[in-house]
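Dock chain L against chain V, hints included.
Listed in order, the protein sequences are those of chains V and L.
Counting along the first sequence from 1, when you hit position 54 you're at 54 in this note's numbering, and nothing is skipped either side.
Whatever position you read off the second sequence (first residue = 1), add 1000 for this note's numbering.
No wet-lab data here; the hints were simulated from the structure.
Hints are all accurate, no fakes.
Here are the computed distance ranges between Cβ atoms for each label pair: (1) V:Gln109 with L:Val1012: 22 to 28 Å; (2) L:Ser1038 with V:Ala5: 14 to 20 Å; (3) V:Arg42 with L:Ser1059: 25 to 31 Å; (4) L:Thr1080 with V:Glu64: 45 to 51 Å; (5) L:Thr1080 with V:Asp9: 30 to 36 Å; (6) L:Val1012 with V:Ser3: 31 to 37 Å; (7) V:Ser28 with L:Gly1097: 18 to 24 Å; (8) V:Lys116 with L:Lys1040: 20 to 26 Å; (9) L:Glu1053 with V:Gln71: 37 to 43 Å; (10) V:Ser28 with L:Ser1059: 18 to 24 Å; (11) V:Asn41 with L:Gly1003: 15 to 21 Å; (12) L:Arg1009 with V:Ala14: 30 to 36 Å; (13) V:Thr72 with L:Leu1027: 27 to 33 Å; (14) V:Asp9 with L:Gln1082: 22 to 28 Å.
We treat Cβ as the ideally placed atom computed from N, Cα and C, and that holds for glycine.
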Amino acid sequence: AQSVAQPEDQVNVAEGNPLTVKCTYSVSGNPYLFWYVQYPNRGLQFLLKYITGDNLVKGSYGFEAEFNKSQTSFHLKKPSALVSDSALYFCAVRGLIRRGQGGKLIFGQGTELSVKP
Amino acid sequence: ETGVTQTPRHLVMGMTNKKSLKCEQHLGHNAMYWYKQSAKKPLELMFVYNFKEQTENNSVPSRFSPECPNSSHLFLHLHTLQPEDSALYLCASSRQGQGRINEQFFGPGTRLTVL
Chain V
1 AQSVAQPEDQ VNVAEGNPLT VKCTYSVSGN PYLFWYVQYP NRGLQFLLKY
51 ITGDNLVKGS YGFEAEFNKS QTSFHLKKPS ALVSDSALYF CAVRGLIRRG
101 QGGKLIFGQG TELSVKP
Chain L
1001 ETGVTQTPRH LVMGMTNKKS LKCEQHLGHN AMYWYKQSAK KPLELMFVYN
1051 FKEQTENNSV PSRFSPECPN SSHLFLHLHT LQPEDSALYL CASSRQGQGR
1101 INEQFFGPGT RLTVL
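Looking at chain V on its own, in the form it has when it is part of the complex:
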């Protein structure tokens, strides 16, 4: 079965420091991985995805993620954190697809990122 795990409920970072939000996955077949961000009282916003190709994926707002097949990880990173990056971050994996079905996503439990000035 497809699944993702985000081992940290909360990550605290000082503004200007690099940040990492961790995600590990378990899939049957090729992994299709996504990161989303949720600001308070808002829906989820797409940040980036890994389908194939380069292991380092660049996304919105200066975020990037590194796909590591041997460690089954897809950690989200940013070289220099901003206070405005404080939000809830979700990792997701594409669920198993049956013919004719839409592409459902399976989400991790989320990691609360707090960036302090």
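Using the frame of chain V, we list chain L on its own:
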């Protein structure tokens, strides 16, 4: 904005009420989804519609009834809900088919409180 709108943004209802949540996407997508987001729990996929046909019902109780009249609109009809159904209900859409692996675009959600 993501191109996916949801109304109402907030809803308070009693257990005997009947209400509906509405979702509309302006992106030309062909797949739409309902998710439930409860505190301290992962997002739970409820329903998937592909080209207006329901392709997944994730063991959702019958007090939740989806409707997809066309590829742009998705409803969630609610009746005789329980207090534990209080949550943020998120709608999403995506373009599927022809081998595409596309991201989903989410609406802002409806915050539902069942008294």
